[in-house]
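Chemist: Each chain is listed here by its residues.
There are 2 protein chains.
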Amino acid sequence: MKNFIFHNPVRIVFGKEIIPTLSSYMARNEKVLLLYGKGSILNNGIYDQVTQSLKQAGITWKDFAGIKPNPTLSQVRSAIAICRQENIKAVVAVGGGSVIDAGKAIAAGACFDGDVWDGFLKKISWPQALPLYVVLTISATGSEMNSAAVVTNEETQAKMSFYSPGTFPKVSFLDPTLQYTLPEKQTIYGAMDMMAHVLEFYFNGTPDTDVQDYFSEGLMKTIMKHLDIVLNHPKNYESRAQLVWAGTLALNGLNAAGRDKGDFSSHRIGHALSACYDLPHAETLSIVMPAWMRYVYKQDIPQFARFAREVFGLQGSENDLASKGVQAFQDWVRKLGLPLSCVDVGIRMDAIPSLANNPSIPFPLGTLKPMQSEDVESILRLSNY
Amino acid sequence: MKNFIFHNPVRIVFGKEIIPTLSSYMARNEKVLLLYGKGSILNNGIYDQVTQSLKQAGITWKDFAGIKPNPTLSQVRSAIAICRQENIKAVVAVGGGSVIDAGKAIAAGACFDGDVWDGFLKKISWPQALPLYVVLTISATGSEMNSAAVVTNEETQAKMSFYSPGTFPKVSFLDPTLQYTLPEKQTIYGAMDMMAHVLEFYFNGTPDTDVQDYFSEGLMKTIMKHLDIVLNHPKNYESRAQLVWAGTLALNGLNAAGRDKGDFSSHRIGHALSACYDLPHAETLSIVMPAWMRYVYKQDIPQFARFAREVFGLQGSENDLASKGVQAFQDWVRKLGLPLSCVDVGIRMDAIPSLANNPSIPFPLGTLKPMQSEDVESILRLSNY
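Protein chains in written order, with numbering that gives the first Met the number 0: chain A, 0 to 384; chain B, 0 to 384.
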């Protein structure tokens, strides 16, 4: 196990009928930015629940709607300008990972005089941010319980991340019933993203991480089991609740604690794909991750064999198991109807070299097998077989 | 899954050679109370490491040594008086659960004009406390990452607990090497306590808690596996590290989140035993817990069967499995050489009725099977078979 520092001060309020308590955690009589996506919350009652609670504490709000699935720097900059003009004191992000991530960048950028992108470029650090409150409507990114944000700079096509002690949400409200009416595809995308988060810490090459491995395996078994149930019974509260909480636990720092940094190769390569093709984040993962696993599994046969045994209940020799585990994961992705190759989403083979050199990808890439752009090219080509 | 609120702001600093960083998390040039037990830290170098770090930040300290294994109210009151006299600004607790628990009570009591015992009697709440820094020397209670404290009132023989938002340690330092020289018995006691914490949430009767159950099972498998290694190789860093981190995770709120309150029957009955006989905490658990499990397992056959299957790898019908799991746990306790009955520690049978009515035990007791004093009597008698 590696030395580590773990600190996660996010307060989680979880369960049914919790949204009315939102404003009880906030300062009274202030003005907040109410951030959301393309507006489904206006139709499904969530907007009304949130604003009803705000009103009860004398809190006023300025709407900022239309945050895009891969949130853009220009939207973040616009929202920061509004925060300054309107003397905004807190941000309420109602949505999934994109809205939450935008919320973090806005909350931090509003407390800083310069340009917010400098934070993504690590030119500055942001110890301070406006308080951020989250109402989660799509479980996927885990952003509701960590301090990281990912934003795309449309001008440079770079999708970059930052994290800061100041950008942990102050309180995140997780009501599984809010996800009853999600399109099936969104639920699948969410589960794919959760699995990727778990796997990127699970396959990072740190030895002697039993308690972390059991935790990861438990999350993966929970996600796969309860996704199956939810796809057949979208309003099954218990399984929705399991998916929601597993998704949050997948990226709240516990998987990371004691391990080396996660091997985020798949996320990084995926970021390049979505920066250039505006693909859904989860589809970039379903394309890259099985191919990445196949490309690197020989670096850590015991861990890939453990994966096959513990997560899929497979048996066999260590070498066989390691390969079978990758196959089982790919089969799971296929069963969900997610794309598995660049070709599946219309990316031409001659675009691969340029993708492999996208500025979203820092080289050397990854920890299990440190890679260069040639390796990324190989993985993207491998996805087509 | 039940509705829940989860919030744990403790910063964990984990690993080798971390003690020199202690004072970097503290305010400079202040005076702190340095709390410890019977003084082994004076001989094994830990005291020197801690005070060296304090000196580097200009921090002065007042020693308070001799905190007892079941910390007493009179010691806590004395230490609070010193904090007031000496204008103490923070508490540094160097030790195991008893020292940490005493530290919490002192840190809270020092910020409150009345008598600290009123907090244990729930007559007052303590939102504030002095900042508490922990250097963990024995993994067992999990107190290093929660806000709860247990103290014994010698006058009334009541062993009571409290928790408060103010009494989370600010930073806890977990260096597994500090436990290399623990007496074997202390390591065993610690593992017994950890297992009890996990089991009391695992067997509390809440349905639909897959992700929590997998987490609990992973902790138990980690504890049993790495205890075995550490007993043969006390200086095996990796296994010490696994035990330390599993012990902390066992009672940091994650096991509780989404479950009903834990069923702390075994701890409560155990508190009565140690209040009257000053037994080691873990020995009270090894006596009570297997008997409690045997007394209640029919309340939740599926969960006891799952326990047998997932933790001990047993197979069979559900009913058989449930009983076999209890037996396997009892066998594990026996293998460790821990007492399994009142008789083993010299408690006479005619003392049992009085024990079953000790003020440490609140009735009705427990959630899986709510119990009265007759049930407690039955469990204590059952321990003798």
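Heads up, a few of these hints could be off.
To be verified - SDA-like mimics (lysine to any residue), calculated; alpha carbons at most 20 Å apart, straight line:
hint, chain 1, residue 1, chain 2, residue 2
1, A, Lys67, A, Ala147
2, A, Lys1, B, Tyr179
3, A, Lys1, B, Gln329
4, B, Lys220, B, Gln329
5, A, Lys15, A, Arg27
6, B, Lys220, A, Gly312
Hints listed in this document are in silico derivations from the structure and should not be mistaken for laboratory results.
Chemist: Between A:Lys67 and A:Ala147, does the CA-CA distance stay at or below 20 Å?
Modeler: holds, 17 Å
Chemist: Quickly compare the C-alpha distance for A:Lys1 and B:Tyr179 to 20 Å and report which way the hint goes.
Modeler: holds, 18 Å
Chemist: Check whether the Cα positions of A:Lys15 and A:Arg27 lie no farther apart than 20 Å.
Modeler: violated, 24 Å
Chemist: For a C-alpha distance cap of 20 Å, please report whether A:Lys1 and B:Gln329 respect it.
Modeler: Roughly 34 Å separates the two Cα atoms, so the pair is violated.
Chemist: Does the alpha-carbon distance linking B:Lys220 and A:Gly312 stay inside the 20 Å limit?
Modeler: Answer holds: B:Lys220 to A:Gly312 is near 17 Å, not above 20 Å.
Chemist: Need the status of pair B:Lys220, B:Gln329: alpha-carbon distance at most 20 Å?
Modeler: holds, 15 Å
Consistency with the previously given hints fails for numbers 3, 5, ordered from lowest to highest.
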